[in-house]
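Protein chains in written order, with my numbering: chain A, 1 to 407; chain B, 1 to 143.
FYI, nobody ran anything at the bench for these hints, they're computed from the structure. C-beta atoms are modelled at their ideal positions from N, C-alpha and C, and glycine is treated no differently. A few of these clues could be false.
Which bits of chain B does chain A cover? Going by a derived footprint, with three or more residues having C-beta under 8 Å, they are [as the list claims (entries may be wrong)]:
| no. | stretch |
| --- | --- |
| 1 | 38-48 |
| 2 | 103-110 |
| 3 | 118-126 |
| 4 | 129-142 |
Here are a few chain A residues that face chain B, going by a calculated C-beta distance under 7 Å [what the hints assert, rightly or not]:
| no. | residue |
| --- | --- |
| 5 | Leu-113 |
| 6 | Asp-143 |
| 7 | Tyr-145 |
| 8 | Met-158 |
| 9 | Pro-181 |
| 10 | Gly-182 |
| 11 | Glu-184 |
| 12 | Ala-206 |
| 13 | Met-207 |
| 14 | Gly-266 |
| 15 | Gly-350 |
| 16 | Gly-351 |
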Amino acid sequence: MRKSINVEQTVTSRRNVLRGTAFAGAAALTGGAAHASLLSRPMPKTPRMGHSRPVITVESAPDTMAEAAPADLSGLERVRQELVDPPFAPEHEQVASGPPKIVEIEMVTHERLMTVDEDSGASIWALTYNGSVPGPLIIVHQDDYVELTLRNPVESVMEHNIDFHASTGALGGGGLTHIYPGEETVLRWKATKPGCFTYHCAPGGAMIPYHVCHGMNGAIMVLPRDGLKDAEGNPLRYDSIAYFGEQDYYLPRDDNGDFKSYDTAGDDYADSLEAMATLVPTHQVFNGAVGALTGANALKAQVGETVLMVHNSCNVDSRPHLIGGHGNYVWETSFTDPPLTGVETWFVRGGCAAAAMYTFEQPGVYAYVNHNLIIAALKGATAHFVVEGPWDNALMEQVVAPRPFEG
Amino acid sequence: MLRVITAALAIGVAMAGPAFAEMHEVQMLNRGEAGPMVFEPDFLQIEPGDTVKFIATDPAHNAESIPEMAPEGAETFKGKINEEVEVTFDVEGLYGIKCLPHYAMGMVMTVAVGEVTEVPESYLEGRIPPRARERFDAQRSNL
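Using the sequences provided together with the hints, build the complete structure.
What follows is the structure, given as structure tokens:
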């Protein structure tokens with residue numbers, strides 16, 4: 001009996017698929033046991049809606065994994081980090097005390113119906129980590145180990161996994177964390193690179209953007225062990241963290257132009273792919289919904305308070321601007337490079353998280369926006385800080401209140 | 001490469017012997033009579049040497065065998081996303097087929113080749129998502 005061809009290896013190219021075909025033919029010629037044969041034909045027709053073939057395929061773990069020596073984790077202290085809902089950050093140290101630790105975290109892949117815009121009634125069956133869009137902010141220090149327990153409730157409809165951009169190997173852990181409803185998995189990885197990084201679900205093929213565009217992404221901040229520093233190496237400390245997740249949604253509409261609603265997660269799959277392929281989001285919001293961080297939900301701060309704004313954008317480029325303030329220190333990519341200083345508008349590459357530090361100098365409302373102002377005002381990417389404290393006339397003064405003038 | 005395909009096809013036909021090998025069509029759909037994400041039909045009773053054509057009616061699906069759910073000695077296959085594939089089943093027995101991206105959503109089908117009266121003991125023992133298992137169970141009742 002001939003050994004079956006390795007099913008994982010057959011996906012990589014048409015040539016390999018054809019090799020399998022030739023193989024089956026050869027077996028038939030020898031008169032041996034009959035085998036199912038695959039005749040793979042190129043599709044002359046263009047798939048509907050103009051989707052190109054996904055180039056991202058899901059691969060299993062490398063064969064050498066089974067032979068690898070166990071990691072030496074002796075003497076490492078284990079701590080548990082309780083993750084909290086955005087826009088808040090988990091309890092953490094800015095400067096690590098002691099040697100690297102194993103930081104245990106837990107995330108559950110909840111699929112839940114969320115309102116995206118109360119005014120229009122737009123909603124989505126969001127795919128989430130721990131029920132929020134974005135997923136919770138994780139904070140560790142360089143050389144810590146992140147040990148994630150990932151659970152997919154049995155009520156779920158879909159398979160999930162997680163790709164940490166901060167990690168190394170196995171598609172960011174994506175290749176080792178595929179879980180069906182009712183399953184859990186544990187992944188441990190070493191945070192070798194300091195910076196803010198995206199994590200997201202990546203089940204394979206078109207499911208990757210589908211999950212990402214349904215909210216399944218978030219950020220991890222890997223701090224240098226001795227904390228953040230300016231270009232001269234002076235320590236930079238913050239009083240609080242504001243965590244923004246910029247989310248692009250592509251919500252399907254019906255023939256009347258109204259947003260469609262669906263009974264369960266996954267039901268919108270075909271419609272969503274069609275809407276996503278336009279590359280034009282129907283909504284682009286902070287923290288899951290239009291107005292999630294404005295009005296009664298605005299962030300609060302005091303004059304003199306230093307806020308670290310962590311901004312995750314898994315899919316689309318963004319250019320955050322704090323209206324009425326600045327980015328005193330901005331780390332667009334890693335914490336290894338010195339921060340930009342005195343920045344007007346900074347850049348968050350799609351597939352990236354960035355950090356910006358600012359100390360409020362005046363009271364009042366500050367709008368934190370994507371300074372593509374169409375996106376800010378019409379698509380939803382606006383948040384507000386309401387800052388309390390004394391006004392400083394030396395920084396700004398209304399010399400003449402608006403009044404009519406003659407001539 | 002075309003020559004390879006043609007040769008293999010010729011062999012496939014030759015293998016089928018004097019009996020007329022049939023072609024069965026299965027559509028891959030985002031929604032069908034059984035709900036979202038389906039092969040339609042999701043159960044086929046065919047003869048050895050018959051071919052099943054998996055048609056990419058809706059986008060983003062594939063058809064591939066589940067190695068643990070195939071008779072011993074049967075070749076495995078894995079169609080690409082959005083690709084129409086034809087698979088000739090020569091070995092008698094029960095085959096579980098899945099769409100990889102929608103496996104968790106229950107997009108599976110069963111192909112019974114030849115005289116299959118009972119389900120092999122190990123057939124449903126593997127790692128199968130709950131919704132796929134429900135549909136496999138339902139498909140089994142066709143035997």
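Hint by hint, here is what the structure shows:
1. 38-48: Coverage by chain A is violated here, the residue count being 1 at a Cβ distance below 8 Å.
2. 103-110: holds (count 3)
3. 118-126: Coverage by chain A is violated here, the residue count being 0 at a Cβ distance below 8 Å.
4. 129-142: Contact hint for the stretch 129-142 of chain B vs chain A: holds, 3 residues under 8 Å.
5. Leu-113: violated (16 Å)
6. Asp-143: violated (34 Å)
7. Tyr-145: Where the cut-off is 7 Å and the nearest Cβ of chain B is about 27 Å from Tyr-145 (chain A), the hint is violated.
8. Met-158: Holds - the Cβ of Met-158 (chain A) comes within 7 Å of chain B, reaching about 5 Å at its closest.
9. Pro-181: Constraint on Pro-181 (chain A) satisfied, holds at 5 Å.
10. Gly-182: holds (6 Å)
11. Glu-184: This hint is violated: Glu-184 (chain A) lies away from chain B, its Cβ roughly 13 Å from the closest one there, beyond 7 Å.
12. Ala-206: Given a least distance of 5 Å, the restraint on Ala-206 (chain A) holds.
13. Met-207: Met-207 (chain A) check passes; min Cβ-Cβ to chain B is 5 Å, inside 7 Å.
14. Gly-266: holds (5 Å)
15. Gly-350: At about 22 Å, which exceeds the 7 Å cut-off, the nearest Cβ of chain B leaves the hint on Gly-350 (chain A) violated.
16. Gly-351: violated (21 Å)
Consistency note: the structure conflicts with the earlier hints numbered 1, 3, 5, 6, 7, 11, 15 and 16.
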